[in-house]
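Following the hints, put chain C in place on chain U, whose structure we already have.
Each chain, letter by letter, is given below.
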Amino acid sequence: MAIDKSINILIVDDYKTMLRIIRNLLKQLDFNNVEEATDGAEALAKLRAGNFSLIISDWNMQPMSGLQLLQEVRADAKLKSIPFIMVTAESKAENVVAARQAGVSNYIVKPFNAETLKEKIEKVLGHG
Amino acid sequence: MAEAFQRAAELDERLAALRARYPEAPVEVVAEIVQSILVTLHGDLSSREASLLHEVEELGQVIVNAKREIESLRVDEITDRQIPSATDELDAIVTHTAQATESILETCETLDDLASSLPQPYGAKLQEATTRIYEACSFQDITGQRINKVVQTLKRIEAKVAQIIATFGGEGEAPPLPESPPAAPEGDGLMNGPALPGAAMDQSDIDRLLASFD
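Protein chains in written order, with my numbering: chain U, 1 to 128; chain C, 1 to 214.
Because the hints were derived from the structure by calculation, they are not lab data. Possibly wrong hints are sitting among the right ones.
Listed below are the simulated DSBU-like cross-link pairs for lysine-lysine, each with C-alpha atoms no more than 35 Å apart in a straight line [unchecked claim]:
#1 LYS78(U) - LYS16(U)
#2 LYS92(U) - LYS160(C)
#3 LYS27(U) - LYS5(U)
#4 LYS80(U) - LYS27(U)
#5 LYS46(U) - LYS110(U)
#6 LYS80(U) - LYS118(U)
#7 LYS118(U) - LYS125(C)
#8 LYS16(U) - LYS80(U)
#9 LYS67(C) - LYS27(U)
#10 LYS46(U) - LYS149(C)
#11 LYS110(U) - LYS67(C)
#12 LYS92(U) - LYS78(U)
#13 LYS80(U) - LYS149(C)
#14 LYS46(U) - LYS27(U)
#15 LYS67(C) - LYS155(C)
#16 LYS110(U) - LYS92(U)
#17 LYS123(U) - LYS78(U)
#18 LYS123(U) - LYS125(C)
#19 LYS80(U) - LYS46(U)
#20 LYS125(C) - LYS5(U)
#21 LYS46(U) - LYS118(U)
#22 LYS27(U) - LYS110(U)
#23 LYS16(U) - LYS67(C)
#24 LYS92(U) - LYS16(U)
#25 LYS123(U) - LYS160(C)
#26 LYS123(U) - LYS92(U)
#27 LYS110(U) - LYS125(C)
#28 LYS155(C) - LYS92(U)
#29 LYS149(C) - LYS16(U)
#30 LYS80(U) - LYS110(U)
#31 LYS27(U) - LYS149(C)
#32 LYS92(U) - LYS46(U)
#33 LYS110(U) - LYS160(C)
#34 LYS149(C) - LYS92(U)
#35 LYS118(U) - LYS149(C)
#36 LYS27(U) - LYS118(U)
#37 LYS155(C) - LYS110(U)
#38 LYS155(C) - LYS16(U)
#39 LYS118(U) - LYS78(U)
#40 LYS149(C) - LYS67(C)
Isolated chain U, as found in the complex (with noise of 0.2 Å):
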């Protein structure tokens, strides 16, 4: 079965250059209904008002860090089965297995290439 490309997504990330890049990409890969926030507050707000089927997060941002996000989100019933995927310059293993830990579906190191992007999200979309 094909991935259903008409899903929402929500991108966070504090810098509004990477969140056109990923856009962009999405887009590349026929994801067009992209939704932005620029930090974990807002990401979560979006989240509690919308109706979203994954979450492509950066870990560093304030005032609430992607990691922060992913804790609400897991700990969120109506939330906590989005698949979440972490996308990050950190890439030192005690970070991996943090994100592990709270629950993360899949994690991108950056820099990333769009084959890259497409395997995880095939993946925690039930098609990988």
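Below, chain C alone, put in the same frame as chain U:
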């Protein structure tokens, strides 16, 4: 220290001269006279204590000289001009490369729109090229984070230098040191930014680590 040794040698010479001049005088008597002179010079101090006192005085002079040398180096220029100027330059690099990246992305988006109207295989080829450009543009995020780390380091050096000036120059209070970045994923989970090549895991290492949890 060298001066102390020189003085000890001079003392030996003088004692030898005294013995030659007054061969009848017992060594103990000469020592007693020397001890009496030292006590007169340094109050109740023994010769050993007087020697120590002298060395402490010498050390004090070394510190005074070091203070003068540090003052003459004009280290305040580092905190007043050089480091602020370096951080401004780095900020300008981030701003200009961000503007350039935005322009590149805008152009790429135009090419992407054009790609969908081109016959194959030209449309696919063009989109493939824009994908590579999008990927390459993520350098801006990484370099921005790296430069930010350098700026934070410069600010710490600036504060340390200011503390040295305040300690030796005695002019005003040193500014507080900026906080060190957290070293581990604790608290709010803010991290250290990109690691240098070879110092962290690549995507395949991360995939293997994640797979080990399944």
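Which numbered hints does this structure break?
9, 11, 23, 25
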